[in-house]
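S.K.: Chains as they are written, first to last, in numbering that gives the first Met the number 0: chain A, 0 to 371; chain B, 0 to 518; chain C, 0 to 320.
Mixed in with the good hints there might be a few duds.
Distance condition first, Cα-Cα at most 20 Å in a straight line; then the derived SDA-like pairs of lysine to any residue [said to hold, decoys possible]:
id, chain 1, residue 1, chain 2, residue 2
1, B, Lys209, B, Ser190
2, A, Lys287, C, Leu154
3, B, Lys209, B, Arg198
4, C, Lys124, A, Gly331
5, A, Lys192, A, Gln290
6, A, Lys192, C, Lys124
7, C, Lys141, C, Leu154
8, C, Lys124, C, Ala227
9, A, Lys192, A, Leu208
10, A, Lys192, A, Thr168
11, A, Lys190, A, Gly114
12, C, Lys124, A, Asp175
13, A, Lys190, C, Leu154
14, A, Lys190, A, Gln330
15, A, Lys190, A, Leu205
16, A, Lys190, A, Asp175
17, A, Lys287, C, Leu280
18, C, Lys124, C, Val223
19, A, Lys287, C, Ala227
20, B, Lys209, B, Arg227
21, A, Lys287, A, Thr168
Since the hints were derived computationally from the structure, they do not count as laboratory data.
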Amino acid sequence: MSLASRVGLRLEPRVDNPRWMNWAVPVCSFIAALLVGSIVLLITSQNPISVYQRILERGFLDTGSLSGTFISATPLLFTGLCAAVAFKVGFFNIGGEGQFYVGAIFASGIALSLGADAQSWIAVGAMVLAGTVGGALWAFIPGILRAYFRTNEIITSLMLNYVAGIGATYLIFESDSFWRELGGTGAVFPKGKIIPLSAQWPSFDLGNLVVPFGLLLGAVVAIWLHVLQRRTRFGYEMRVVGGAPSTARYAGMRPARVIVAVAMLSGGLAGLGGAADVGNFRHVLDPKGLQQSGFGYAGIVVAALARLNPIAVVFVAIILGGITNAGYALQGPDFPAGLVGTLEGLILFCTLGGEVLVRYRIVNTRRQAVAS
Amino acid sequence: MTTVVDSKAVTAPAVAAFGVSKRFPGVIANDDVHFDVRVGEVHALLGENGAGKTTLSNILTGLYRPDSGHLELSGRRVSFESPRDAIDAGIGMVHQHFRLIPTFTVAENIALGAARDGERVLLNMASVESRIVELGEQFELSVDPRARIWQLSVGEQQRVEILKVLYRDARILIMDEPTAVLTPLEADALSQTLTSLTRQGRSVIFISHKLGEVISIADRITVLRQGRSIETIDAVGATRESLAAVMVGREVERVQRRGVGALPGAPIVLSVNDLGAEGDRGLPALRSVSIDVRGGEIVAVAGVAGNGQRELVEVLAGLRPRTSGRIEVDGETMDRADARHPIRMGVAYVPQDRLGTGLAPDLSIAENLVLKRYRRPPVARPPFLRSSVIDAEAASLMEQFDVRAPSSQTPTRRLSGGNVQKVLLAREMSGRPKVLVVSTPTQGLDIGAVATVHQLLLDAAAEGVGVLLVSEDLDEVLALADRVVVMYEGSVTGIVDAADATVASIGVLMGGGTAEDVA
Amino acid sequence: MSVNSNLFVIIFASAIFYGTPLVFAAVGELLAERSGVINLGVEGMMLLGAVSAAMVAANLDGPAAVVLPIALLAAMVAAGLGAAIHAFLVITLRVNQIISGLALTIFGGAAGLSSYLANVWGLGKQPAMNQFGRMDLFGLKKFPVLGPILFDQTLLTYLSWVLVVLVMVYLFRTRMGLHLRSVGESPQTADSVGISVTRYRYGHVIAGGMLAGVAGACFSLTIVPTWANGLTSGEGWIALALVIFGFWRPDLTLVGAYLFGALSSLSFTLQARGIDVPTALLDALPYVATIVVLVIVSNSRISKRLGSPAALGRPYEREER
C-alpha cells in the first residue's frame, strides 16, 4: 500500500473554489519553493538569505535593476505567451525555443536587407512581421504533423529546436551567409552583422526606468490574446477543442485546423519574441547567446506558473525576468550559473503541487473512519 | 439474528451485512444495510439507479470501507483493507463493464493478480491454460484460453470474467447487472451457468434493477431504496408489481404513449436507405440499414449494445463516413460526412457520452447552450461572440427546460446527470430541429430525471419533430415508441409497431431471429 | 588496411558506442510508460546522473573498480530522486504529467541544478580521472568485422545488453511484468484484482529514472569525460522518441538507439576520415531523422496493434461512488 493511503490521505475533488485560493495558493507555493531552494543552497554551503536578498536587490529594488529586469522579461513574456496559448488547447509546443531562433533569423534578415535608409517605423514593423511569420512557419511543422499525421508534437517541436539552433550556428559560424559579418574582426572571430540603427527598437524612459518597446508590445499582445480567447469565435473554438476534442468535432468544428492555427499563433508569438530580442537588445543574430539564454524553455515555466492565463503571463514574466536578471548580474563564484534554472524548477514543482490544493481537498480518510 | 460462534459456521450465511453505512460528501450511499446470502443461493440486490447497489458491492469487494456496520463471511466477522483481502476471503466480482484488457489473452487476463502455487516469479501460462480448461468443463464455461479478449463476443468475455473469479476459488460471486450487455438468449445461458455454480456450493449476489429477471433468476431478493435495505423477499411468489412498489416506494407511474403515432400524412423527415458503414476496426458495422421516421413519430432502435447503433447515430450526425446508402432529411439529401452539414439540415443529436461528446465540461452552461449556433448571428458578430445574447438565451432556455444550477455560468461538469441531459436537450431543441436523434438518453439517471427526459422527448414529438430513440432498455422503448426497429450485427432484423410488440418478440429479433421466428 | 578499419565497421562500432546511453534512457522511459506514466524529465534526469557520476569520479580516490561502481550508483540515486519528485507529483498529486516532466527537465537540465552543481563542485576543469574504458570482451576484439563492433565496447555497453534481455524477460515472461503491463493498459482492471497501481507506478518511474541516471553517466564517464553543461545535448528527448519508435519493446528500442547512435556519430566519423560533408547537415541529421521516423511510425498500420499503453498519461483514481 502506498505511503499516502497508509497515512490515510485522499484527494477529493472540490465542489467549491474559494476565490482567495486563486492567489493564496500560488503565493504559498512560491514561498515553499524558496524554502526548498534554501535547503539546496545550504547543502552547497551558500547562505540562502543573502542569495535571496541579492536577487531581490539586483532584480527588483531600484529603477536601474528594474530596467534590466524588463529587458530579461521581454523575451520570457513572448515565449510564455507562446506556451500558454498552445498548452491551453492541449498542443504541447515546447518548440518555443526554436521558433524564437527562427524569428530572430527572419527579423535580423529583414532588418539587414532593408538597410540603413529605411524609415524606422517601417523597419521595426517589418521585423515584427518577419519574426512572427518565421516563428509561425517553424511551428507549422509540428502543428501539421500533429493534426494530420498523429505525430507527438512534444518530440517533433523539441527536435526542431536543435535543428533551428544548428541552422543559426551555420549561418554565423559555418558559412559566408548574408547574416555574417565578414569584415573587420568578423574575419577572425565569426559574428553576425549589426542591424542598422533605424531598425533598432526604441525604449521609453520614465524617469530612470527604461521600458523597452518590446515589453509594451508584449503586454498589448497579451491583452489581445485574452480578448481573443474570451470574446471571439476562434477563442471559443480553442476552448472547446482544448477541453473536449470529441465535443468539438460533434459541434462541427474542425479540431485539426484549430490545432494548426493555434500552433502557428503560438510559434508566431515566440518568433515575435525573437524579433524583439534582436530589435530591442542584441541588434545582431547571435546563435551562441540565444542558445545559452534558453528563453523558449523558460517560457514554459512562465506559462505554467501563470496557469496559462495571458494576462498573468505578463506579471510572471517580470518576476522570472527579475530572477534571471539578478542571475546575470550576480554570476560568479558565490552565485553559480544554473542557480536560476534550479530555482525556477523548484518554483514550478511547488506551484504544480500547490495547484492540487485548488482542485482537490485533502481528506484524512483514516481519521474520518475512526471518528464515525 | 447474530451468528458469532464458529460451530454454527456450517449453517451460517455465506455473506451477511450488518448495518453497513457509507457516506460521501453530500450523499449517504448506504444507510444501515442488512442482508444475508445463504450458501448455494442466488441472492438479488434490487434497486433503482442511485439506490446504493454499486457502493454496497464496492464495500463487499474491499474497494471501500464502511463508515459503520460490518460484514460476516460464514459467520466470521471480516474487515477488508483492500480488494486483495476480499479476493483472499473468497469474494469475486463480475463487473458490468468488464475488467478485461483487450490486448491480453484470456489466460493472461485470468492469471492477472492471481498467485497460485508454483508460479511465483515466472509465468507458467501452460498451467494457467490447463486450469482454465478444467474449470470450463466443471462449470460449463468453455472459452479458448489463448484467444485475445478483443476477438471474443460479449457473452464470451463475460464467461472470462466469471472464470477469472472462479480461478481465484471465489465462493461468493457478485455480478453487477450481468444481463445488461447480453441478448436474451445469452442471458438464458448465463442463468444456466448460475445454476451450475450454486449446485456446486457457490453463492451468487446478483445486482439488478430489472424486475423480471430478478424474479426468474434469484432465490431471494433484497430490495434497496435510497441506500437502505427495505425488505428481503422470496422470489417464489413475488410479482413485478409487488417488487416495483417496494423498490420505488410508491405505485409506479410510467410515462406511457402507445399508438399515438405520427399524424396521418405527416411527412417523412428522416429517410435512411441502404446505409452501410464501418466500425472503428474497419470492419462492416452497418449493413444495408433502412429506416424512415415521420414528423411527430418516435421510432426506437432496440438492440443489445454494440450491434451497430452507435455507428448508425454517428453516421446520422456526420461523425462517421458511410460506405453506401442515402440519407434524406425532410427531402434534402445529406451528402457529406461532416458534422456541420446535419446540424444545418436540422438533425439534432444527443449522444450517449453526454459529457465527453455532447458538452464541453469545463465551459459554462451558457456557453454550452450555443455550441451548435456559435458560428452565426445572433450569437456571433464575427469575429466576436455576443455574451449578452448568449446569457439571455441561457436564462430563457434554463427556465424553459427547468435546468437546476447555481447560475448559467456554472461549468457543466458540476451538474447532476439529469441536469446535464436537460442542458443537452435544451440546446438541441433550441435549434428547431426536424429530426432528433437521442442515444440511451436515460442511462444512469435517477427515476425522477428519467420521467423528465421521457416527457421532453414526448414534447418534441408533439411539436412535430421526428424522434429516433436508440435504447437498450426495452421498457423505455415500449413505453415511448410508435415503432421499434431492432438491430442485430449491423442489420435491421425487424421493424414492429409498438402496439403489437412485446419484450419477448423484440428479444427474439435482438438475438438475430427474424420476423418468422417471432410468429 | 585491415577489414576492421573499414568505414562501415567503424560506423557500426560507434553506433553502438554512442547508442548505449540511449538504450539505458529509452529502456528506463519504457518501464515508466509501461506503467502508464510519461516522464518528459529524461533529459533532466540524465544530466543529474551525469553530474553526480562526474563528481564522484573527480573526487574519489581509488582504483577504477571501486570508484566507477560508486559513480554509477551516485548517478542512479540522483536521477532516481528526480524521478521520485515526478512520481509524487503525477501519481499522488495527479499533476499533469507533461508539465511535471518538463519541470523536471528544467529543474535538472542544462541551465538548472546539473550545471549549478557542476559549478559548485568545480567540474569541467579536467577530464574525469576514472572512466569506463573499452574492454576487449572474450579477447575477440581482433575478430574480423564483429570484433570491433561487438567486443571492443565499454562495460556499460555490455551491461546495456544484459539490461535489454532482462527487461524483455521481465515484461513478457514474469508475473510482475504482466502486472506492470496491466497497470499501463487498464489500471481499473489491475486494481480490481488487487494489484497496487500506485506501487507499480512509483516503482517503475523511479527505476526508469535510475536508468536515465546510468545514461547520463555514460556521457560523463565515457563520451564527454570533461564536464560541459548540457553535455547530453538533447539525447534524453531522442530517448523519448525511441520508446515510440520501438513500440514500447526493449529489443526494438535497442535497434532504434543504435540507428541514432550511428547518425550522431556520423559527423566526426566522416570528418576523421577527411570526407567533406557540411557539419551542420550532419549535426541536424539525428534530430530530423527522429521527426521523420516518428511520423512514419505514428502512421504505420502496426502502430494500431502495438500502440502505446492504453492508460498512458492518465492519472488513476478509483471511481468515486
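S.K.: Each of the hints needs a verdict: does it hold here or not?
M.R.: Quick rundown of the hints versus the structure:
1. B:Lys209 with B:Ser190: Holds: B:Lys209 and B:Ser190 sit about 14 Å apart, inside 20 Å.
2. A:Lys287 with C:Leu154: Given that 20 Å is the threshold and the Cα spacing comes to 35 Å, the pair is violated.
3. B:Lys209 with B:Arg198: Given pair B:Lys209, B:Arg198 is violated - Cα atoms ~24 Å apart, limit 20 Å.
4. C:Lys124 with A:Gly331: holds (16 Å)
5. A:Lys192 with A:Gln290: holds (18 Å)
6. A:Lys192 with C:Lys124: Roughly 33 Å separates the two Cα atoms, so the pair is violated.
7. C:Lys141 with C:Leu154: Within the cut-off at roughly 17 Å; holds.
8. C:Lys124 with C:Ala227: holds (9 Å)
9. A:Lys192 with A:Leu208: violated (29 Å)
10. A:Lys192 with A:Thr168: Holds. A:Lys192 to A:Thr168 sits at ~14 Å (cutoff 20 Å).
11. A:Lys190 with A:Gly114: Cα-Cα ~18 Å, so holds.
12. C:Lys124 with A:Asp175: Violated, at roughly 33 Å.
13. A:Lys190 with C:Leu154: violated (42 Å)
14. A:Lys190 with A:Gln330: violated (24 Å)
15. A:Lys190 with A:Leu205: Status violated; Cα separation ~33 Å.
16. A:Lys190 with A:Asp175: Cα-Cα ~11 Å, so holds.
17. A:Lys287 with C:Leu280: Status holds; Cα separation ~18 Å.
18. C:Lys124 with C:Val223: Since the Cα atoms of C:Lys124 and C:Val223 sit roughly 13 Å apart, the hinted pair holds (cutoff 20 Å).
19. A:Lys287 with C:Ala227: Given that 20 Å is the threshold and the Cα spacing comes to 15 Å, the pair holds.
20. B:Lys209 with B:Arg227: holds (18 Å)
21. A:Lys287 with A:Thr168: It holds: about 7 Å lies between the C-alpha atoms, which stays within 20 Å.
Hints 2, 3, 6, 9, 12, 13, 14 and 15 from the earlier list are contradicted by this structure; the remaining hints agree with it.
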